[in-house]
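Trainee: Now that you have both chains on their own, put them together as the hints suggest.
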Amino acid sequence: MIISIASGKGGTGKTTVATNLAVSLDSRVQLLDCDVEEPNAHLFIRLHMEETRIITTPVPEVDMEKCSLCGKCGEICQFRAIIVIGETVLPFVEMCHSCGGCMEVCPEKAITETTRELGRVERGHRNGLEFVYGKLRVGEAMSPPLIRSVRQYTRPDMLTIIDAPPGTSCPVIASMKGADFVLLVTEPTPFGLHDLKLAIGAVRILGIPCGLVINRSDIGDDRVKAYAKEENIPVLMEIPFDRRIAEAYSRGDMVVDVLPEWKENFIQLYRDIDKIAGAKRSAS
Amino acid sequence: MKEIVVISGKGGTGKTSILAAFASLAKSKVLCDADVDAADLHLIMDPDIKERHDFESGHTAVINQDKCTQCGLCRDLCRWNAISEDFVVDPIACEGCGVCHYFCPEEAIDFPLNTCGEWFISDTRFGPMAHARLGIAEENSGKLVTLIRQQGQKLAEEKNLDLLLTDGPPGIGCPVIASLGGATAVLIVTEPTVSGRHDMERVSELAAFFRVPSMVCVNKFDLNLDEGQAIEDFARERQIRVMGRIPFDPVFTRAMVQGKTIFEYDGHSEGARAVKKIWEDLTQGFEM
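Residue numbers (numbering that gives the first Met the number 0), protein chains in the order written: chain A, 0 to 283; chain B, 0 to 287.
If we strip away everything but chain B, and leave its shape as in the complex, we get (with noise of 0.2 Å):
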């Protein structure tokens, strides 16, 4: 099985709309949105869902005031400052680690497993969709991209299909490191400009630290002709695959606010035409 993987290291480079226009394309997949943080891809696929998850991933200390004798021992220990002078956890400072349940000399102090979050197995018009939503404000994102990759993988091999196309998460943290590790290859979605290359070489490197081979193509070329060029120079002397440019065109706007892929809105459309290159280009070169 074979796993694609699209990220972009800056946000709101186009990540979710190639990727939904990627899936109008692809013929056996299992669509995986690993955005975890803001899930976006189901917007465009309109999941019917058919099964749903809690995601329970860590801990948090609640402190029972009845059998608190106020000795100090656990503010003295907790190194996240969560624990108020009148002995109250902070949630969201509590970072998980249960020293200060495992010393409590009155066991006064809980240690209850979180759910944090919620996953799904859907059917959507193009495919089998494994997604997922952590609640707001919530930790263990990597934890729960692991899983949803897992479960996607599990779904292709169910339904027989060799293919899986996941939608990454932006930056270079924890959620796209658990987004990373096994791909087949990853594909780098950015822009013409000095942000989206800065970007885009943080995130090669980081695909170059877990040696997962990478793939860029630069989305709204024509915004500035000489950022394009630099990020496509920077990715050939890096042994970076360079996957075509992409016009800037509104349609991917007009196809979201329709909740359709490019394909569905405007097959003819420049940015189409532009995206289906990449894909074929993609197919060829990993036998898909």
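For reference, chain A alone in the conformation it holds in the complex (with noise of 0.2 Å):
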């Protein structure tokens, strides 16, 4: 099964609940961090990596002993990401979405393909817990291709939880899709209620089953509670405001390590995503 966590808002609290999930669990786990832009879940699992890859795109290059000049390349780029001008043709590589059709069109066979680098993905383990995350490198703008490379290290016979990025454009459907479940963790504040509807929107285009978990519910007011019932979307967990919790995520500690009474409550929301989805499964 897979288990994507994801907000729509920022900051509140996927990490959070994505790491202790996963170490809470007595099952085989995999936890997949897919936010690559800002990546965090690795300063609260803190294992030793065993693995780092670099994760690379193809663009072209032009090879202009054989280019002809004939501007074809140009035409059929969406992306502006090659040009010719006056005697020389211009790839601009960090705009390139590596679709091919540059090589294809070139009628002199001028166009071969070299790489741009994406970012790099971490793996390493800790007795049943996978862990793998993805880096962006830094300037580079095209995350989803990075994200996909993460979603490759998923194995069908582990639990599958995914730490999503914030917002609802395509980072965050890179890591929705094919998913089994979304939990979607907000804040019961008018930012949160407002983001939290556009991930809802998002959830519903891939027609994934959802529900939520409320932090901090104790501070804001009661709208997304109301909006959750009138949208018939389960509250699976709710997280009080508790300085001990916000020192301890301060730290890179673990909820469930500074209060270990918090273990059951999400061994609780496990069972409650693993009855919806499998209930969704059969019903399919």
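Keep in mind that the hints were calculated from the coordinates and are not lab data.
Since the model is a prediction, treat every value here as computed from it, not as a measurement.
It is possible that some hints are incorrect.
As the list claims (entries may be wrong) - If you anchor each label on the Cβ, the simulated ranges turn out as follows: (1) T114(B) with R147(A): 21 to 31 Å; (2) R270(A) with D265(B): 37 to 47 Å; (3) E116(A) with E236(B): 22 to 32 Å; (4) D25(A) with K1(B): 48 to 58 Å.
Yeah, the Cβ is synthetic: ideal placement off N, Cα and C, and Gly gets one too.
Mentor: The structure is reproduced here in structure tokens:
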């Protein structure tokens, strides 16, 4: 089963929920940190990384000896990543989406592919937990291909927990697509609610069952709960504001280590998710 | 014209609350919400929308089943596995590269322009505002950020205002890159946590990469004094201006719940006083 943990608004507690859920379960668990722009789970899981892979994407390279300056490459490129200027062809590799169109269209076979670094994927494990995270190269604009590289580590024989990035656009979709359940972590504030509605819109486009965790559940107002009730979205966990939790987080400590009574809550959270996702599976 | 962009790396550190507070203090300015993916500034600003425009960007392939001979060339060429065995394009997987459309021997693939959001010009009680809404699950957020900043600049020129206050997105990817270019400076709002520090370091590297001067302020400073100090030490080492500390103050949440800036809610609160000090240093530093 794949559980993707998302939120819409940033800073609501995705990483807290993802890491504590992952270490609370006895089953074989994989935690994939797909927030590759700002990955944080490794600051809490803190295990020795055994493997680092540099992830690249193909980009064009032009052999000017063969090029006839016909301009077809610039014509097919939707991303303005290759342009004929005067007597030369300029590839802007940072803009390239790696579709291969320019190479395919070139009548002189003057274009080959080299690579651009997207970032790194790191992997480590401890006992039954496998942990993988992606780290986008600073300056790189495109995170979805790196997210897909992290997700290639998904193993069907394990429970996969994905820590997704904030927002509702392509990186979030890349982190939720194909999941069996999306757990949305929110806070009961106007910003939390507004961005939660957007996130639920994204989950519904993908047709995945979802549930809520309300973090800092005693700050703000009641509108998130009223909305959940109206939309028939189950609230699976509430975490009240507790300065001890906030301080543990600030140091990189896990909630279940500082307040061990929370472990049972995370186990129950998983049982509830399994029940909902299981019901959906048998229905389809 | 000067433009200050508030970014954070990590989400939820207080970017929007602090930008809204600045809006209460700045005299003549245009507001710009460049967090188009999960825009929240309008929840405080309560904009009166004057202009509404579609945001059109990017294309998606659509196969015309009447013309398609199922030759399979498009499936061979598509690097996104976006075309199913029965030759239907998955619009979410489609990257909009147009390769299938270009090469289809039957000209059976259309490639229409997408409407992937809306953008607005509004009036608010703090002055004019440019903002946008990217459609859910859409791409091209960077282009919408660029557009909304251009609209903000245009508004400022028309109204003879010399400051643009821009609320940026979290992260370090495409929309953040689009929100930095050409800015006078970025203010990185972070929090004293291991995540806040890690993410602040990465986003400050990004600003340095694009040669945009950066400043940093630590929100909820008293949550962890050691982490707060470590952030400030890192900043000084990199010649990033440290703009002061904001205490953990529940007034920020209470103000947000009422749709007010912290100055409208309680201008004498500790949080408000700290933000005021930062704003004064900032305006002096940039002669605004």
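Trainee: For every hint, state whether the structure bears it out.
Mentor: Evaluation of the provided hints:
At about 26 Å, the beta-carbon gap between T114(B) and R147(A) stays in the expected band of 21 to 31 Å. Under the hint 37 to 47 Å, the C-beta atoms of R270(A) and D265(B), about 43 Å apart, fit the expected range. At roughly 26 Å, the beta carbons of E116(A) and E236(B) sit within the given window of 22 to 32 Å. Checking the proposed 48 to 58 Å range against D25(A) and K1(B) shows it holds: the Cβ atoms sit about 57 Å from each other.
Hint compliance for this structure: every hint is met.
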